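J.: Take a look at the letters that make up each chain.
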Amino acid sequence: MATTIPDAVRSPAREATHVVAAQPYLNPYLAGIGLGLVLLAAFLTMGRGLGASGAFSAAVAWALNAVAPGYVARNEFLAPYVGDVATHPLKTWLVFEVMGVFAGALLSGLLAGRVRRTIEKGPRVSNASRLALAVAGGALMAVGAHLARGCTSGQALTGGALLNAGSWAFMMCVFGGAYAVAWLFRGQWR
Amino acid sequence: MTIPGRWSRLSLSQRLARVAFALGLLAVLARTERGRVVALDLKELATIIDREGDHVGAAEVAGWIVSGRADYRLIDLRSEKEYAAYHIPTAENVTLSALPDAGLLANERMVLYSEGGLHAIQAWMLMRAKGHRNVYTLRGGLDQWRDEVLFPTLAPDATGEERGRFERSVAMARFFGGSPRTGDKESTVARVPEMPKIEVSAGTASAAPKAGRKKKEGC
Amino acid sequence: MEMSAPLFKFGLFGEEASLVVAFAIGIGFGFFLERAGFGSARKLVAQFYLTDLAVFKVMFTAIVTAMLGVTYLAWAGVLDLSLVYLVPTYWGAQVVGGLLLGAGFVIGGYCPGTSLAAVATGRIDGLAYALGIVVGTVTFAGLFPWLGGLYLAGSAGTKTLPEVLNLPYGLVVFGVVLMALGGFKGAEWVEARFGGGGEKERP
Numbered sequence: 001m002a003t004t005i006p007d008a009v010r011s012p013a014r015e016a017t018h019v020v021a022a023q024p025y026l027n028p029y030l031a032g033i034g035l036g037l038v039l040l041a042a043f044l045t046m047g048r049g050l051g052a053s054g055a056f057s058a059a060v061a062w063a064l065n066a067v068a069p070g071y072v073a074r075n076e077f078l079a080p081y082v083g084d085v086a087t088h089p090l091k092t093w094l095v096f097e098v099m100g101v102f103a104g105a106l107l108s109g110l111l112a113g114r115v116r117r118t119i120e121k122g123p124r125v126s127n128a129s130r131l132a133l134a135v136a137g138g139a140l141m142a143v144g145a146h147l148a149r150g151c152t153s154g155q156a157l158t159g160g161a162l163l164n165a166g167s168w169a170f171m172m173c174v175f176g177g178a179y180a181v182a183w184l185f186r187g188q189w190r
Numbered sequence: 001m002t003i004p005g006r007w008s009r010l011s012l013s014q015r016l017a018r019v020a021f022a023l024g025l026l027a028v029l030a031r032t033e034r035g036r037v038v039a040l041d042l043k044e045l046a047t048i049i050d051r052e053g054d055h056v057g058a059a060e061v062a063g064w065i066v067s068g069r070a071d072y073r074l075i076d077l078r079s080e081k082e083y084a085a086y087h088i089p090t091a092e093n094v095t096l097s098a099l100p101d102a103g104l105l106a107n108e109r110m111v112l113y114s115e116g117g118l119h120a121i122q123a124w125m126l127m128r129a130k131g132h133r134n135v136y137t138l139r140g141g142l143d144q145w146r147d148e149v150l151f152p153t154l155a156p157d158a159t160g161e162e163r164g165r166f167e168r169s170v171a172m173a174r175f176f177g178g179s180p181r182t183g184d185k186e187s188t189v190a191r192v193p194e195m196p197k198i199e200v201s202a203g204t205a206s207a208a209p210k211a212g213r214k215k216k217e218g219c
Numbered sequence: 001m002e003m004s005a006p007l008f009k010f011g012l013f014g015e016e017a018s019l020v021v022a023f024a025i026g027i028g029f030g031f032f033l034e035r036a037g038f039g040s041a042r043k044l045v046a047q048f049y050l051t052d053l054a055v056f057k058v059m060f061t062a063i064v065t066a067m068l069g070v071t072y073l074a075w076a077g078v079l080d081l082s083l084v085y086l087v088p089t090y091w092g093a094q095v096v097g098g099l100l101l102g103a104g105f106v107i108g109g110y111c112p113g114t115s116l117a118a119v120a121t122g123r124i125d126g127l128a129y130a131l132g133i134v135v136g137t138v139t140f141a142g143l144f145p146w147l148g149g150l151y152l153a154g155s156a157g158t159k160t161l162p163e164v165l166n167l168p169y170g171l172v173v174f175g176v177v178l179m180a181l182g183g184f185k186g187a188e189w190v191e192a193r194f195g196g197g198g199e200k201e202r203p
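Taken in order, these protein sequences are the chains called G, A and B. For the first sequence, our numbering assigns the number 1 to the initial residue and increments by one for each residue that follows. For the second sequence, our numbering assigns the number 1 to the initial residue and increments by one for each residue that follows. For the third sequence, our numbering assigns the number 1 to the initial residue and increments by one for each residue that follows.
To be clear, the hints were calculated from the coordinates, so they are not data collected in a lab. A portion of the hints provided could be inaccurate.
Claimed, not checked - With a cut-off of at most 20 Å between alpha-carbon atoms, the simulated DMTMM-like pairs for lysine to aspartate or glutamate come out as follows:
#1 G:91 <-> B:163
#2 A:81 <-> A:71
#3 G:91 <-> A:71
#4 A:130 <-> A:60
#5 A:130 <-> A:54
#6 A:81 <-> A:115
#7 A:43 <-> A:54
#8 G:91 <-> B:15
#9 A:130 <-> A:108
Note that the structure is predicted; figures quoted are calculated from it, not measured.
Generate coordinates for the entire structure from the input sequences, incorporating the hints supplied.
T.: In C-alpha cells:
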C-alpha cells in the first residue's frame, strides 16, 4: 500500500517546527464545484475559459525571440505568440492567469501546511530517475497539448463545460492514453 | 418520513447528486441557440438611424487613416477578387457571410464598407443584432470614397468656400493615389478614372494585419 | 433580462483591466487545484492505478458545475453564448494530441496547470516537468514545418456535441449530468475495490 508515513511519526522534532501540520485535501466534489465556479466566472467576465499550455508557448516564443528573432518570425507556430512589436509577448491574458495559478496554489498550500520541498515519487524509483521521467513526460505532454490546441485546463475543462465536440474527444483520449501506458510505468509510482 | 427528515439523513455527496440531477433534468427545457437567432431592439435601432449615428463619412475615415489612428477596424465586405483589385488602405477583407464568425469583439469599433453601401448597411443590421454596439458603415461605400476622397471634383462655377474645401481634398486625394478633377460634373464622370494601385499606404500598417495580430483566446 | 455577459465583450472593461481579471481567476484556479491535492503527482497519477479517482471526480464536477451555470445563464438571456470562445475542432490532431498528453501525464506525473501548483508548493519534480514542457514546446516548434498535416487533421471548424449528435442542447446537458453521476457512483465502487478499503492519497 503506497500511503506515506506522516511527518509527525517520522520525525517528531521536525513536526514541532511546522506551524501547521499538513491538512487533508478537500472533498473532491467540493473542490470540483469551486473549480467549476472559477471557470464560470471566466466565461462570464471574459467570454473565454482557462488555460495553461498557451502561457508556456508565449514564454518560449518570447525567450527565443530575444536570441533568434528571425527564426521566430519564420516559425509558423511561434510567430503568432510574438505578433507585432506593439505589445510584449508576455503581456497576455494567459500569462497573467498562469501567474495567478502559481499564487493561488501557493496560498492554498501555505494555509494548509502543504508547502514542502520534496520530490513526488513511488517507493521503488530513485530521485534521478523520477526527475528524468518528469522532464520526458513534460516534453511528451507538451507536444500533445500543442497538437490539440490545449491541455486539460483549456480543452478538457473549458471545452468540456461548453460541450465542445473536439474537447470531449480529446478528454477521452487523455484518459485512454494515460491508462494505456499506466501499467508500463507502474514502477515509478507503486 | 417527512421530506426534510429524509434530506437530513443524506450525506453531502448524496445531496449534491440530487441537486445536480434536478438541475440537469430542468436543463432539458433550456434554449441556448449560439447566436444564430437574435433579437432586435427596434426602437433603439430606429433612433440610431434617425440620429445618423450609424455611419461615418468618407472624408472623415480618410482623415483617420492619414493621422494613423488605430483604435478601429476598417472592414471590406466584398469578395477577395474585388479586395485584391483595390481596397481602402488599412482595410481588412471579411465577406458578409464570414462576418458573424469572424470573432469580432462586441465592443470593438469597426467601420464596414461595400461597393455602394447596401451590403454594409445589411451587415450593420446583423452586427447590431448580435450585440455589437460600436459598428458603423461608410456612408455611400466605395462609390462615395471615389467621389469624395480619390477623385474630388471642382465644378467650374464653384463658390469661394467650395474652392477652399477643394484645396484640402486635393492633398487628401494625392495621399491616397487619386487625382482631383476640375470641370463640370458630366464631362469628368464620363471618363472613368483608373483606381490607384494599393501600394499607397505611406507608413500606416496596412500590410496583413492578420499576421501581425497576436494569437488571442486560445489556450 | 438583457444580455450583458461576457462583460469584457460588452465593453465593461478594457485590455489592461482584463489582465487583472486574468490574475484573479488564475488565483481561484490554482487555489482549488491545490485544495484538491493536484499539486501532488502521486495523487494525480493514482487515478490511473484506480486507487484514488479524485482527478475524475474533480474534473467532471467542475465541468458539470460550469456547464449548468452556462446553460441557465444563457437560457435566462444574461450570457451571450455565441461570444464565448470555442476552440475549433480538429478531430485527428486532438485525438493524437490527447493520447500523447495522457501518456505524458502518467510518465511525468502532471499536466501544465497542475505542474504550476506543484512548483508553488515545493515539488522539485514539478519544476522538472515544467522544464520538460519547455523542451517539448521548442521541439514542437522545430518540427512544426513537418507536422502541418497532422496539425490540421480532421479540421471541422467550431463544433459542439449537440451539433454533432444532432440533439437539443438541453438534452445533451442532461445526458452529461447523468453520465457524470453514474461515473461518480462507479468511481466510489472502484476506489473501494482497488483502493484497499478507501485508502486515499494523503498529503
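J.: Tell me, in ascending order, the numbers of any earlier hints that this structure violates.
T.: Those not satisfied are hints 1, 2, 4.
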